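Participant: As they're listed, the protein sequences go chains A and B. To convert, note that position 194 of the first sequence is 198 in our numbering; the numbers rise steadily by one, no gaps. To convert, note that position 155 of the second sequence is 584 in our numbering; the numbers rise steadily by one, no gaps.
Treat the hints as calculated values from the structure; they're not laboratory data. Hints may contain errors.
Just the calculated beta-carbon pair ranges, DEER-fashion [what the hints assert, rightly or not]:
(1) K282/A with E693/B: 23 to 33 Å
(2) R487/B with Q62/A: 13 to 23 Å
(3) Q62/A with P635/B: 28 to 38 Å
(4) L234/A with Y568/B: 33 to 43 Å
(5) K695/B with W321/A: 13 to 23 Å
Taking lysine-lysine and the PhoX-like style, the derived pairs with C-alpha atoms no more than 20 Å apart in a straight line are [unchecked claim]:
(6) K695/B with K594/B
(7) K570/B with K287/A
(8) K570/B with K156/A
(9) K676/B with K695/B
(10) K511/B with K527/B
(11) K501/B with K594/B
(12) K277/A with K594/B
(13) K566/B with K282/A
(14) K594/B with K676/B
(15) K287/A with K566/B
Being a predicted model, the structure only gives us computed values, none of them experimental. By construction, the Cβ of each residue, glycine as well, lies at the ideal position given by its N, Cα and C atoms.
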Amino acid sequence: MPASERSDKRMTCRFAILTLFAALVAAIPARAQQQALPVTEIAPGVFVHVGAIAQMTQENEGAIANVGFVIGNHAVAVIDTGGSVREGQKLLAAIRKRTDKPVRYVINTHGHPDHVFGNAAFLGNETIFIGHKNLPQALNTRGPFYLDAFRKIMGDTLIDEVRIVPPIRLVDGILKLDLGGRTLVLHAWPAAHSDSDLTVLDETSKILFAGDLVFIDHIPVMDGNIRGWLRMMDELSKEPAERVVPGHGPVSQWPTALADERRYLETLAADVKALTVKGAPIKAAADTAAASERSRWQLFDDYNARNATAAFSEIEWE
Amino acid sequence: MSHLRLLCLLTLFAAALGAQTSRAAEPVDPWPGLVQDIFNNRAINDGSNVLAIEMPYRAEDAAIVPVTLRSKLSPDDNRHLKAITLVIDQNPAPMAAKFEIGPDARVSEISTRVRVNSYTNVHAVAELSDGQLYMVKTYVKASGGCSAPATKNVEEARNRLGQMKYRQFARADDGPTNGPREAQIMIGHPNNSGLQMDQVTHLYVPAFFIDELHLWQDDSPILSMEGGISISEDPNIRFTYVPNGAKTFRAEAKDTSGHIFQKEWKVDASGS
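Based on the provided sequences and hints, a complete structural model is requested.
Facilitator: This is the structure we're talking about:
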């Protein structure tokens, strides 16, 4: 091949790339200049974005859960990826502003959309997705429904990008991850908030990422087993942490951060139990259980009736 | 040349991204088609004087939405309920259940729980002893948040398979001793939809649900249900009927894998 022809080809190629770039910029301007998600360094190398206490919407791009990352000497671990690929990309941009180290691990604390819809932003390279041993099944049965439901709420643009990315490495019991100079301890729990709850303890900073096993200010949401959740709280409170990053709500002292949630779940369980003993129908639980907690929580009316319904269908078998 | 081909492909891809075609078409009302499929296009009368359907306006938990069907026939009406079919229009399997009522059981109310996948009309169609169909409907908004019409606790669902509980509720103090009574049957079963695809094998998980349930007082049928995957996990039927003085209450359920679950209780015993 003569040199001039080769150079022509190279020019064509360069032109092609430029045209493509221009087309992509025109098509999706938001992605070309990715903003970084605002994060706070709560301890050296430990960063958290505290989500809005709200439902997922198009306007908030699903950014309602707390997401974070931990930087070790040779790797970064991401803990939850947010409620849209857009949020996941912004989280990645926040990481890249602080370190060039590879994102070796993406850990999902459970399978709810506000925690996993950003996974696709981290696909590729050497990233290993990690979750509870039950997480693949939870994503499998719920994933298609979540995509459908949230398409209606958040719109095509945000949801078209979302991929259900199941974990490759599964946790049954305890798994330790070495990030270089710091170790994360992952703990898979029996059914509580959901049936795929996983916590992440950073031994260096003594910060516990609790996922939705801990709610603060945001009413707890029960999508697993209420008795199991109350039982495991005693065990969970023994995690050797000083502070907790809840799934929703501010970073707080450990284990005192559990007190409000425990009171809510105990009240709900007791009220529901009284209704089942009395022979009341399930609807009565939705209408009356845990009413005394109403003023203490945000989003109470969005989730309490649902928690009561789920708790009733569990406790009526006792 | 390969670069050029790549360019073409990528430009097309970019154009497709740019186009962002909207999919917001008005959904088609499935009800006329359902009338054809389920009721063989029979004429359906207004049922507002025959029965009532009660559901919450919003499905709080997509997996457990209570529904109550109540007869509005007056005691001196010479027609009686023969069957009620419950249809959740927008669900993957819209026909949730067909309840057939024992000829002498005088069932006046049935409550159960269903899955609701989407914003939907829910129809209840009664067949009376006059051979006519009567319809009422309600509308349910889908739940928000992370609730899904799926199992919450896979291990517990597995452990509970086949457990049955019967409960007879206390009679109201002022009710006549031979008047209507309320009872409930619960069957532990995951009632899997079979609509989930395994992400690894890309095969559908087989459906596994209770498709038949029969309830008797002694040998007289009270109620039977032909059920589908829209019935919630751990099927739960609460009903009001008039006891015939029978000593036993008997339940038999069959699932799609051919398991038979059966149990018998003394009528006055409460709980299992």
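Participant: Between Q62/A and P635/B, does the C-beta distance stay in 28 to 38 Å?
Facilitator: holds (37 Å)
Participant: Given the hint that K287/A pairs with K566/B, test it: the Cα-Cα distance must not exceed 20 Å.
Facilitator: The hint holds at about 19 Å.
Participant: If you draw a straight line from the CA of K570/B to the CA of K156/A, is it 20 Å or shorter?
Facilitator: holds (12 Å)
Participant: Against the range 13 to 23 Å, how does the distance between the Cβ atoms of K695/B and W321/A compare: consistent or not?
Facilitator: The hinted range 13 to 23 Å holds for K695/B and W321/A, with Cβ atoms some 21 Å apart.
Participant: Falls inside 33 to 43 Å, the C-beta gap from L234/A to Y568/B?
Facilitator: holds (36 Å)
Participant: Quick one, are K501/B and K594/B close enough, alpha carbons at most 20 Å?
Facilitator: Judged against 20 Å, a Cα distance of about 29 Å means the pair is violated.
Participant: Just to be careful, I want the Cα atoms of K566/B and K282/A compared with a cutoff of 20 Å; is the pair within it?
Facilitator: violated (30 Å)
Participant: Given the hint that K676/B pairs with K695/B, does the C-alpha gap stay at or below 20 Å?
Facilitator: Within the cut-off at roughly 6 Å; holds.
Participant: Verify the proposed pairing of K511/B with K527/B, using a straight-line Cα cut of 20 Å.
Facilitator: holds (11 Å)
Participant: Taking the beta carbons of R487/B and Q62/A, is their distance inside 13 to 23 Å?
Facilitator: holds (20 Å)
Participant: Would the hint linking K277/A and K594/B be met if the CA-CA limit is 20 Å?
Facilitator: holds (17 Å)
Participant: Would the hint linking K695/B and K594/B be met if the CA-CA limit is 20 Å?
Facilitator: holds (12 Å)
Checked against the numbered hints above, the structure violates hints 11, 13; every other hint is satisfied.
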